[in-house]
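Construct the entire structure; sequences and hints are all you get.
Protein chains: 2
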Amino acid sequence: MSKTTLLVIDDELAIRRFLRASLDEDQFKVIEAADGREGLRLAATEKPDVILLDLGLPDVDGISVAKGIREWSSTPIIVLSAREQERDKINALDAGADDYLTKPFGVGELLARIRVALRHSKKSPEEPVFRAGDLEIDFAAHIVRKGGVEVHLTPNEYGLLAVLARHAGKVVTHKHLLAEVWGGAYSEESHYLRVYMGQLRHKLEDDPTRPKLLTTEAGVGYRLKTE
Amino acid sequence: MSKTTLLVIDDELAIRRFLRASLDEDQFKVIEAADGREGLRLAATEKPDVILLDLGLPDVDGISVAKGIREWSSTPIIVLSAREQERDKINALDAGADDYLTKPFGVGELLARIRVALRHSKKSPEEPVFRAGDLEIDFAAHIVRKGGVEVHLTPNEYGLLAVLARHAGKVVTHKHLLAEVWGGAYSEESHYLRVYMGQLRHKLEDDPTRPKLLTTEAGVGYRLKTE
DNA sequence: AAAACTCCTTACGATTTCTTGACCGCCTGC
DNA sequence: GCAGGCGGTCAAGAAATCGTAAGGAGTTTT
Chain A
1 MSKTTLLVID
11 DELAIRRFLR
21 ASLDEDQFKV
31 IEAADGREGL
41 RLAATEKPDV
51 ILLDLGLPDV
61 DGISVAKGIR
71 EWSSTPIIVL
81 SAREQERDKI
91 NALDAGADDY
101 LTKPFGVGEL
111 LARIRVALRH
121 SKKSPEEPVF
131 RAGDLEIDFA
141 AHIVRKGGVE
151 VHLTPNEYGL
161 LAVLARHAGK
171 VVTHKHLLAE
181 VWGGAYSEES
191 HYLRVYMGQL
201 RHKLEDDPTR
211 PKLLTTEAGV
221 GYRLKTE
Chain B
1 MSKTTLLVID
11 DELAIRRFLR
21 ASLDEDQFKV
31 IEAADGREGL
41 RLAATEKPDV
51 ILLDLGLPDV
61 DGISVAKGIR
71 EWSSTPIIVL
81 SAREQERDKI
91 NALDAGADDY
101 LTKPFGVGEL
111 LARIRVALRH
121 SKKSPEEPVF
131 RAGDLEIDFA
141 AHIVRKGGVE
151 VHLTPNEYGL
161 LAVLARHAGK
171 VVTHKHLLAE
181 VWGGAYSEES
191 HYLRVYMGQL
201 RHKLEDDPTR
211 PKLLTTEAGV
221 GYRLKTE
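Sequence order for the protein chains is A and B.
Using this note's numbering, the first residue of the first sequence is number 1, and each one after it goes up by one.
Using this note's numbering, the first residue of the second sequence is number 1, and each one after it goes up by one.
I should point out that these hints are in silico values taken from the structure, not numbers from a laboratory.
Worth double-checking, as some hints may not be accurate.
Here are the simulated lysine to aspartate or glutamate pairs, DMTMM-like style, with alpha carbons at most 25 Å apart [stated by the list, open to error]:
id, chain 1, residue 1, chain 2, residue 2
1, B, K122, A, E71
2, A, K170, B, E150
3, B, K47, B, E86
4, A, K67, B, E38
5, A, K170, B, E157
6, A, K103, B, E84
7, A, K67, A, E38
8, A, K212, B, E136
9, A, K175, B, E109
10, B, K67, A, D138
11, B, K203, B, E227
12, B, K203, A, E227
13, A, K103, B, E227
14, B, K103, A, E86
15, A, K170, B, E180
16, A, K122, A, D138
17, A, K103, B, E86
18, B, K146, A, E109
19, A, K212, B, D138
20, A, K225, B, D134
21, B, K67, B, E38
22, B, K175, A, D207
23, A, K122, A, D134
24, B, K203, B, D138
25, B, K103, A, D94
26, A, K175, B, E157
27, A, K212, B, E32
28, A, K170, B, D134
29, B, K103, A, E84
30, A, K146, A, D207
31, B, K170, B, E25
Computed from a predicted model, the values in this text were never measured in an experiment.
Structural data, given as structure tokens:
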């Protein structure tokens, strides 16, 4: 397993240095962003395990950064801020942040809170087999069956189907699908989805022209129907 | 859906009173334990959604209570403590607590952190479903049902309905609706609302001519009735 | 080296959704 | 009565989104 990656979004060089020194040691890989735009970009491309976010950024507001990340990812966000107004804390937490630490804080506490965040993001054990109609997905073995017979899917096709199945019945947004399968940096390439959904339908639908399983929610995303 | 249940484990009557007063209102059901043994018992029997735990208990140490709960449950634990030593925080967080608030704290912040905890634990349990008459809105799945059958809505229609549902029973002004769905720049285009409210009524009202659910407040805005 | 496979890209027609304007009815104030 | 504001309805054209087929690039298999 590769090292746990932390993304630090803070405009002050001194803070970044301090955090790097405290965290860089053996356990974490630390990457840095000096402003909000860079932070959003790195959050998408590097897929960090935890994000440490300062509120007082030069370009975008920290709250907006948190919201931007939450649009497609549930990576834990710990806000580090000098602002100790209750209003700021509530806003940040409701915007999607998972924790809020007021500067100055102890490194030990920060580490403990990072451990909490990592504990949370550990995925719960999943169902080994998914079923919907005559469709069967064996997540462990990466095998898909339709009406009992195995259907070969390419890695991207399987990834797409797996995400839809994990949220079966729900609409999954374009952004979310792209982030999960291609990575956060591809969240605008929604034409990929059209191509691959088409291929999935050809392999899995009785009548690919009239999809019953893999339905489109125009302008929003796609859905794997359960019944 | 039953109310969200909070378990307060604290030996000081004053604190319990204060928390009950702050939390009891409409949104939460609050149950109390005055010591650790009672707390563990209630955590098991009542299955609360969130546990608020004081560290300075008369019988068992708060840390041990947290560990005891973690042996069989992953219910979120928020520690409320007068101790502000970093050592205490680290111990509590590593013992399984999900958050640590130092007394005195603001009620608003506590509520925000409870919301964070609920957000985390909401991975499997029931979805937040809004109901009014035979109308059902499943926000997580992005699905609207009327009388049990699914109704397809376009993004704008869904957005409009969602805003009204979020303020169910209250009047939502034209400006507010337009700002939420179309963006702040469209706050004068109240004609859009007439068109889309018409479409929503067609899809959701028994008699679109005589709306019972989606009512007009002349000169002000619209309202989704709750009954 | 050829064949097979997967991924990405492009183009274009089909479909869905959004916007806009015309028209109607109702109520109110003049 | 009647003008004017407000809200509702309808439909057509514009715009955005979607589905599909096909081909090239890169990689792996045979």
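Hint check:
Among the hinted pairs, K122 (chain B) with E71 (chain A) is consistent with the structure: their alpha-carbon atoms are about 17 Å apart, no more than 25 Å. For the proposed pair K170 (chain A) and E150 (chain B), the alpha carbon gap of about 13 Å is at most 25 Å, so the pair holds. A distance of roughly 30 Å separates the Cα atoms of K47 (chain B) and E86 (chain B); the hinted pair therefore is violated under the 25 Å criterion. As the CA atoms of K67 (chain A) and E38 (chain B) are separated by approximately 40 Å, the hinted pair breaks the 25 Å bound.
Simply put, K170 (chain A) and E157 (chain B) have alpha-carbon atoms about 18 Å apart, close enough for the 25 Å limit, and the pair holds. Our distance criterion of 25 Å between C-alpha atoms is met by K103 (chain A) and E84 (chain B), whose separation comes to about 14 Å. Annotation: proposed proximity of K67 (chain A) to E38 (chain A) holds, straight-line Cα distance about 15 Å (limit 25 Å). With a C-alpha separation of about 22 Å, the suggested pairing of K212 (chain A) with E136 (chain B) holds against the 25 Å cut-off.
For the given pair, K175 (chain A) sits about 31 Å from E109 (chain B) by alpha-carbon distance, which is inconsistent with the 25 Å threshold. Between K67 (chain B) and D138 (chain A), the direct Cα distance comes to roughly 35 Å. Violation of the 25 Å bound is thereby established for this hinted pair. Annotation: proposed proximity of K203 (chain B) to E227 (chain B) holds, straight-line Cα distance about 19 Å (limit 25 Å). For the suggested pair K203 (chain B) and E227 (chain A), the alpha carbons sit about 23 Å apart, so the restraint of at most 25 Å is met.
Between the alpha carbons of K103 (chain A) and E227 (chain B) the distance comes to roughly 48 Å, so the proposed pair goes past 25 Å and is violated. The suggested pairing of K103 (chain B) with E86 (chain A) holds, with an alpha-carbon distance near 14 Å, which does not exceed 25 Å. Restraint check: the Cα-Cα separation between K170 (chain A) and E180 (chain B) comes to about 23 Å, which is no more than 25 Å; the hinted pair holds. Simply put, K122 (chain A) and D138 (chain A) have alpha-carbon atoms about 21 Å apart, close enough for the 25 Å limit, and the pair holds.
Distance check on the hinted pair: K103 (chain A) and E86 (chain B) sit about 14 Å apart at the alpha-carbon level, within 25 Å; holds. For the given pair, K146 (chain B) sits about 50 Å from E109 (chain A) by alpha-carbon distance, which is inconsistent with the 25 Å threshold. About 20 Å separates the Cα atoms of K212 (chain A) and D138 (chain B), which keeps this hinted pair within 25 Å; it holds. Note on K225 (chain A) and D134 (chain B): the hinted pairing holds, with a Cα-Cα distance of about 22 Å set against a maximum of 25 Å.
Between K67 (chain B) and E38 (chain B), the direct Cα distance comes to roughly 15 Å. Compliance with the 25 Å bound is thereby established for this hinted pair. Distance hint between K175 (chain B) and D207 (chain A) is unfulfilled; the C-alpha atoms sit about 45 Å from each other, more than 25 Å. Distance hint between K122 (chain A) and D134 (chain A) is unfulfilled; the C-alpha atoms sit about 31 Å from each other, more than 25 Å. Restraint check for K203 (chain B) and D138 (chain B): the C-alpha separation of about 16 Å stays at or below 25 Å, so the hint holds.
The straight-line distance between the Cα atoms of K103 (chain B) and D94 (chain A) is roughly 21 Å, inside the 25 Å bound, and the hint therefore holds. A distance of roughly 20 Å separates the Cα atoms of K175 (chain A) and E157 (chain B); the hinted pair therefore holds under the 25 Å criterion. Proposed proximity of K212 (chain A) and E32 (chain B) is contradicted: the alpha carbons are some 50 Å apart, above 25 Å. Taking the CA atoms of K170 (chain A) and D134 (chain B), the gap is near 20 Å; set against the 25 Å cutoff, the hint holds.
In summary, the hint linking K103 (chain B) to E84 (chain A) is supported, as the alpha carbons are separated by about 14 Å, within the 25 Å threshold. Proposed proximity of K146 (chain A) and D207 (chain A) is supported: the alpha carbons are some 13 Å apart, at most 25 Å. The hinted pair formed by K170 (chain B) and E25 (chain B) meets the criterion: a straight-line CA distance of about 19 Å does not exceed 25 Å.
Comparing the model with each earlier hint shows violations of hints 3, 4, 9, 10, 13, 18, 22, 23, 27; every other hint is respected.
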